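Undergrad: Using the sequences provided together with the hints, build the complete structure.
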Amino acid sequence: MTESQALNLGKGDEVEMRTVDLKFLQKLSMDRKAHLAYGKVEDYLRMLEKMKELERSGEIMVHHVGDEYEPATVKTLSGREKKVPTVELWQHKSCGQCGHIPGYISALYWIMAELKIPYVDDTNQTSCTAWNYYGSGTSNPVALSAVFARNMHAAYEKNAYPLIHCGTSYGDYKEVRYLMVMSREVRDQVKAILKKIGRDLVLPEELVHYSEWLHVKRNEIAGRRKFDVSNIKAAVHAACHTYKLMAEDFTYDPTIMEGRRPAPTTSVAMALGVDVKEYSTWSDCCGFGFRHILTEREISRSFAYFRKIQPIVRETKADVLLVHDTGCVTTLDKSQVVTKAHGFPETIPVVSDAQFAALAMGAHPFKVCQLHWHLADWKGLLEKIGIDWKTAETEYKDYVQALKEGAKPVYITPPPRRLKPRAKETFS
Amino acid sequence: MYVTKSEKVTSRLGSLNEDGWHYSGLPGLQWEAENARMGDRKVMKRIVEEVQADPRFEDFYHACINCGNCTAVCPPFRLVDFAPRIVVQKVMHAKDEPELLYQMMDQYIWSCFQCYSCWEVCPAQNNPGGLVAMLKESAVKHGLTSAKRSLEPYSKILYKVMTTGTQITPDMHSSNAPFRDWGGGKADLAKHLREERAAVAVETLAGTIDKSWKVDDRTMKELITIEKEAGVTDMVKQTLKDVAEMVEEAGEELGVPK
Ligand code: SF4
Ligand code: SF4
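In order, the protein sequence lines correspond to chains H and W.
Here the first sequence is numbered in the working numbering, starting from 122 and rising by one per residue.
Here the second sequence is numbered in the working numbering, starting from 338 and rising by one per residue.
Source of the hints: derived by calculation from the structure; they are not laboratory data.
Predicted model only: the values in this text are computed from it and were never measured.
For glycine and all other residues, C-beta sits at the position ideal for the given N, C-alpha and C.
A few of these clues could be false.
Sample of chain W residues at the chain H side, in silico, Cβ under 8 Å [said to hold, decoys possible]: (1) Trp456; (2) Glu457; (3) Val477; (4) Val498; (5) Ile505; (6) Gly520; (7) Lys523; (8) Ala538; (9) Leu591.
The list that follows gives simulated cross-link-like pairs (lysine-lysine, BS3-like), each with its CA atoms no further than 30 Å apart [stated by the list, open to error]: (10) W/Lys528 <-> W/Lys551; (11) H/Lys196 <-> H/Lys144; (12) W/Lys551 <-> H/Lys518; (13) H/Lys317 <-> W/Lys574; (14) W/Lys345 <-> H/Lys525.
TA: Written as structure tokens, this is what we have:
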């Protein structure tokens, strides 16, 4: 019998198609997106050329992904090959992760420490501040560009390559790099501000999201798994700001869902042996909306639950929802509380790809993955993986008690760096 | 002590949005025609000129063929009265009818999630979400009432981002507002926040309560300098004066002249 699938046309309408035809249709639309109607690709490639010209003329400096960063190569939507640095990374933390889902960052650092990857976790870093721009219109392109440039210069001084944790920072930085290269007016204004804070304009050759790093490291990660997770079914939600905001530069791979979806996150789950399920609202946003999740929560929550959580659970019966952005983790996880109180039964644990990979590699669910900050019930997932969460919880509580009594905290520590910082910072 | 918290910042935050946390209502449900009628036509025209002269404009707007692809994928369209096609259409006609744009800036645009789903699917390569971002910025700069109303409940976040570059900091997880609807588990966590925070295995995060991670003073000084020089502080002053003044105060303490 030929396998067939329903294509959701919205508002309850569906057409039944052979799966092979549906995949062909989606692939065709991806190709169109990259090469025909969506002609932004040419502009993006032109911008990259112009960046080289500006470097040659001495107007800007470029932070290259040189051999010292041991780059891997990926293909992007534009068809261009992009270099992904794999070592000596400057961790660009996310304002949305660190305050209330710390496992997003600690799981990533733990994986890197396990793989002996040197990195820098700098206190001389601000977020991209685009939260204020997208959320409330309280920034402007010059300020955003200058914030981007100051962070990139701080990384350059440390001789470490920026790895961006947040989908929005990654999207915003793609936007403002484009703007700074293409607009002399913006560039000149930014340079004047940088001068005031004692910094130079150094643009990164590649902008890299952490999920792309996990993607290129997936086989190494899979090789170190401690638990067999082949019995786990997962759904993936990709963040809009990684693959819709300046869509041209995110990673696609023909071997991952035939290149119909962005490769990162899905590829990591597949490498670990997880059964990744598709669902009809795959391309929908999580419902975050920046200001909305704080001050117009009903819109954010309703969208997250009825367009993502409910269809995901009903259609895929997945054990876990894997994401790669801090806002998406927050929205998809937290939006399940009120709906549960209203009697909606569908629920699914939400973790980042790094948290899931770390769990499979044997990371502590609380000391490292910090699952106690997540609200949707994760106990069933841990039990299915084979993790004894009750013992782990006791260990964690003992650790917290010991800290209260004055014990020395245990931090994740990367191996020593091989690259030396470039210069002393001058601004005081 | 394994927990650090700035008393000054805490007291400043306490004075913003004093009654805890209130909601700004459902944007997009009102079409503020009355306000537009009362608006200053000179300001309306200036807004149109500024938007069209902006370096982003030629990338974000081409011409709209009214196909509605953008609206079909727009999340808020499913829940409130908001459609990106309308936004682009009004931008298209803004030169001749600036009051149409102004009217829309007064509330309607604040529904946008800035997800950029629309940008990805527009056959004319318009960026409706990008245009909305420009219009929100303009609404703040010109101190529109709707911007004030939309942003007031958001003032703590605004202040945190502008001064520390971080937000949703642990000290905002009180056991009641603003995260009451995140359930009992979160409230429990909030009760033991200091211990939980101290047990985070990342040194730059561990024990930090009033920021998301430890941020150097000189870093905050650079950030506040950038906001001042790029005109952000002045822009915010038009809409949320108290926040902008607090940012200036925080800057002065770090050595940024007013
Ligand atoms: S998708 Fe583009 S062309 Fe179509 S209505 Fe929206 S803005 Fe206009
Ligand atoms: S960016 Fe705004 S207008 Fe565009 S799809 Fe998202 S919510 Fe709708």
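Undergrad: Against this structure, judge whether each hint is valid.
TA: Consistency of the hints with the structure:
no. : hint                  : result
1   : Trp456                : holds, 6 Å
2   : Glu457                : holds, 4 Å
3   : Val477                : holds, 5 Å
4   : Val498                : holds, 5 Å
5   : Ile505                : holds, 4 Å
6   : Gly520                : holds, 4 Å
7   : Lys523                : holds, 6 Å
8   : Ala538                : holds, 5 Å
9   : Leu591                : violated, 11 Å
10  : W/Lys528 <-> W/Lys551 : holds, 22 Å
11  : H/Lys196 <-> H/Lys144 : holds, 20 Å
12  : W/Lys551 <-> H/Lys518 : holds, 25 Å
13  : H/Lys317 <-> W/Lys574 : holds, 22 Å
14  : W/Lys345 <-> H/Lys525 : holds, 26 Å
Of the numbered hints listed earlier, the single one contradicted by the structure is hint 9.
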